[in-house]
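Engineer: Following the hints, position chain P against chain R.
Chains as they are written, first to last, in our numbering: chain R, 1 to 451; chain P, 1001 to 1131.
In short, the hints are calculated from the structure, not lab data.
Among the clues, some could well be false.
[As the list claims (entries may be wrong)] Each computed DSS-like pair below joins lysine-lysine, with the alpha-carbon atoms no more than 25 Å apart: (1) R:Lys94 to P:Lys1019; (2) P:Lys1023 to R:Lys44; (3) R:Lys356 to R:Lys85; (4) R:Lys156 to R:Lys182; (5) P:Lys1005 to P:Lys1023; (6) P:Lys1127 to P:Lys1023; (7) P:Lys1026 to R:Lys44; (8) P:Lys1050 to P:Lys1102; (9) R:Lys44 to P:Lys1019; (10) R:Lys127 to R:Lys192; (11) P:Lys1127 to P:Lys1005; (12) P:Lys1115 to R:Lys36; (13) P:Lys1128 to P:Lys1115; (14) R:Lys356 to R:Lys90; (15) P:Lys1128 to P:Lys1026; (16) P:Lys1115 to R:Lys94; (17) R:Lys354 to R:Lys301; (18) P:Lys1121 to R:Lys94; (19) P:Lys1050 to R:Lys36; (20) R:Lys107 to R:Lys90; (21) R:Lys36 to P:Lys1019; (22) R:Lys354 to R:Lys90; (23) P:Lys1081 to P:Lys1128; (24) R:Lys301 to R:Lys356; (25) R:Lys107 to R:Lys85; (26) R:Lys107 to R:Lys354; (27) P:Lys1115 to P:Lys1019; (28) R:Lys430 to R:Lys447; (29) R:Lys107 to R:Lys36; (30) R:Lys36 to P:Lys1023; (31) R:Lys148 to R:Lys127; (32) P:Lys1050 to R:Lys94; (33) P:Lys1050 to P:Lys1081; (34) R:Lys94 to R:Lys127; (35) P:Lys1115 to R:Lys44.
[To be verified] Partial list, computed: chain R residues near chain P (C-beta under 7 Å): (36) Leu38; (37) Ser42; (38) Glu63; (39) Gln66; (40) Thr67.
Even for Gly, the Cβ is constructed at its ideal location relative to N, Cα and C.
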Amino acid sequence: MNNFNLAIYGAVAEQVHSDILSLASTIVYEVYDSEKMLEPLSIKPEVILCYNPPTGCSISPSEAAQTLRCTYPETPIFFIATDKKDFEKKRLIKNGFTQAYLIPWEKADLLRSMSQEHLYTIFPELKSYRPVKIIDLVPGAVLEFSLKVFLPMNNKFLPFSEAGSPISDEKLQKLLQSNFNKLFIRNEDYEKFEAYTSTVLKKLLAPGCLSETERTEKLETCIRDLISDMFVSDVKESTFGKAQGLLDEVKNIINIMIKDSNPDVLGKIENLVNQEKNFYLHLSNVSTYAGLFAMTLGYEKPEIVALAGLLHDIGKINLPPEIADLNRSELSNLGPHGIEGYKSHPNFSSDIIKLKRMVLPKEVVNGILHHHEAMNGSGFPSGLTGHRISLEGRIVAIANEFDELTTTQSGRKNVSPREALETLVDENSKDPGRMILDLDLLLKLQKKLIG
Amino acid sequence: MFDPKTRILVVDDMLTMRKIVSKILKELQFVDITEAGDGSQAWETITSSKVPFGLIISDWNMPNCTGVDLLRRLRADQRYKGIPFVLVTAEAEQHQVAEAVKAGVDQYVVKPFTKDSLQAKLEMVHKKYSK
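The following block holds chain P by itself, in its conformation from the complex:
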């Protein structure tokens, strides 16, 4: 599993969802959690941060800059293309999943989710990156 000290960015336009994700992450012993309210805010946080992020968990549907927009921006940038990225989505329709995979997503979590299901996904992502 990821190191508890991993710097994590949680991106969601809904305060409730950010709280849910952060709470679960804390329960999973993570200590360094930052929140952002949409894709563009997240981009600013990432680019202005001195300590690099080790994991991004982002909602898909957000105004201004969606989760997939953010993902594309990151993957196109030499500095950030290697950050593990988990997308949170309410709609797990086939064509959308394909779009996210094409954009380079590592895992996606379908809302509603539980501690166990998020933990399982994070473990899968970690495994992928530690190969």
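Okay, chain R solo, but in the shape it has when bound:
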């Protein structure tokens, strides 16, 4: 058993998440005391957690950081706040904390960092490596850097491919089949890796150089194909696979459009959703549909709506899975407590965006906040009605429902895109008092997409 010593300031066991406690081999609970904090602890901590000092405490978070940093120059020291008031991440980090987390909004991040630190105690070598997604690697490619694979079950860190020799398709498939989605590269190779992925992406989009015009043309062609395949034909079997392929291609292009307008957002989203494949799939589907619908409706900057689609549910990462995975019709089964939590997720999404310091146009934020508002005012979190709901929000809402209907889910048969759109029009045209989605937009989409 490896040693993972944990020192916790300002909290007792009951206040600390059990997942964190279960990682540690030894835990010491300490109180904030400036004299005592200058002396080394009874254990050599692998991680120090500092909870917000209690009211009336003579020592401020910054002082705590500076004092502990003095004795532990290299140890990760995490600050944990439970109140948004006075939470200034930048300042806390400047004063010596390795990272600061606002709980419950950033609980997932904290747990991830803790597991990472835990892993480092088993495998110090990992510190000089960083993970890359297998999906970014093309079989047969000759890379300028070597790759390693980490097998956590038997604690092995093995070479996967060497710099200058091609990646074996067989080995790659084997990993994917065993549910591995990460390989490791040396930290100093990361720039080479980025250069490699950008080349791959460019090749994927257009052979030769990629001009703005080419990109727009490609985009339009893709969308035309996609639309004709998805909506006009009703033969599910043959079109669905093809439509999926096209959907992926449009996704790539829409991602590039998002990247052009907001360079660092995609990386941050990937980090947030990390390995939860289905969740990411839902986000990227909604993003693509939202972008697609926005274009069809003649919205000037479809990437704005696409970005709102990509981020609309990001607040769900902090909800327990049994609540987060529900759809609109299953909500009534929740108790009042669960419903409150669920109904806050658009707000959580916008909070996370602020915390991650993503600077986004206000249309994007509105699109996120309004994606569960309903035309008749029965939606959440604000209960807005009609056109008080932003256009972006109304489009993301349609994309969200559309994805729910077209995605295969257990216990329900998925419908074709054409049927999905017809169902939505149907449901929302019966009674204006029960209108959830914007019928005008749906009818326009139906007219343009199906004819």
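Structural biologist: Here is chain P on its own, set in the frame of chain R:
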């Protein structure tokens, strides 16, 4: 390095920070350490002291009289202009460093710091003064 008997004044409005600095100084074998709670208190301590100070380590951000205010006052005074002065700062932004250098600071230490980093800075200051 400075003589262990060097008279040192540690200026900070936060008790914790004064303790941190004093503790490190003691670990570095210094024996004559005086503390002051802000710039004006420091000025009084310096001017009323019979034995001159050989080193001042002061925080930047303090109410009433900041570290840089104190530094300017000292550098403008014939009696104290030659005392080595180290500024402790939380914000090492470029324009602020420039301001401190202009006022005549010898070194600055960015919070949070460790024994090693403070020691290194003190050695640099000492070198400068022993030329």
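Engineer: Regarding the pair lysine 1127 of chain P and lysine 1023 of chain P, is the alpha-carbon distance no greater than 25 Å?
Structural biologist: holds (23 Å)
Engineer: Quick one, are lysine 1128 of chain P and lysine 1115 of chain P close enough, alpha carbons at most 25 Å?
Structural biologist: holds (20 Å)
Engineer: Quick one, are lysine 1050 of chain P and lysine 1102 of chain P close enough, alpha carbons at most 25 Å?
Structural biologist: violated (29 Å)
Engineer: For the pair supplied as a hint, lysine 1115 of chain P and lysine 1019 of chain P, is the alpha-carbon distance within the 25 Å limit?
Structural biologist: holds (13 Å)
Engineer: Holds or violated: lysine 44 of chain R with lysine 1019 of chain P, Cα cutoff 25 Å?
Structural biologist: holds (22 Å)
Engineer: Does the closest beta carbon of chain P sit nearer than 7 Å to the beta carbon of leucine 38 of chain R?
Structural biologist: Because about 5 Å separates leucine 38 of chain R from the closest Cβ in chain P, which is inside the 7 Å limit, the hint holds.
Engineer: Holds or violated: lysine 94 of chain R with lysine 127 of chain R, Cα cutoff 25 Å?
Structural biologist: Cα-Cα ~22 Å, so holds.
Engineer: Check the hint pairing lysine 1050 of chain P with lysine 36 of chain R against an upper bound of 25 Å on the C-alpha distance.
Structural biologist: violated (34 Å)
Engineer: Next pair to validate is lysine 301 of chain R with lysine 356 of chain R; report whether the Cα-Cα distance is within 25 Å.
Structural biologist: Within the cut-off at roughly 23 Å; holds.
Engineer: Taking 25 Å as the top limit, are the C-alpha atoms of lysine 1050 of chain P and lysine 1081 of chain P close enough?
Structural biologist: Distance ~16 Å between lysine 1050 of chain P and lysine 1081 of chain P Cα, so the pair holds.
Engineer: Would the pair lysine 127 of chain R and lysine 192 of chain R pass a check requiring their Cα atoms to be no farther apart than 25 Å?
Structural biologist: holds (18 Å)
Engineer: For the pair supplied as a hint, lysine 1115 of chain P and lysine 36 of chain R, confirm whether the alpha-carbon distance does not exceed 25 Å.
Structural biologist: holds (17 Å)
Violated hints, listed in ascending order, are 8, 19, 29, 32, 37; each of the other numbered hints is respected by the structure.
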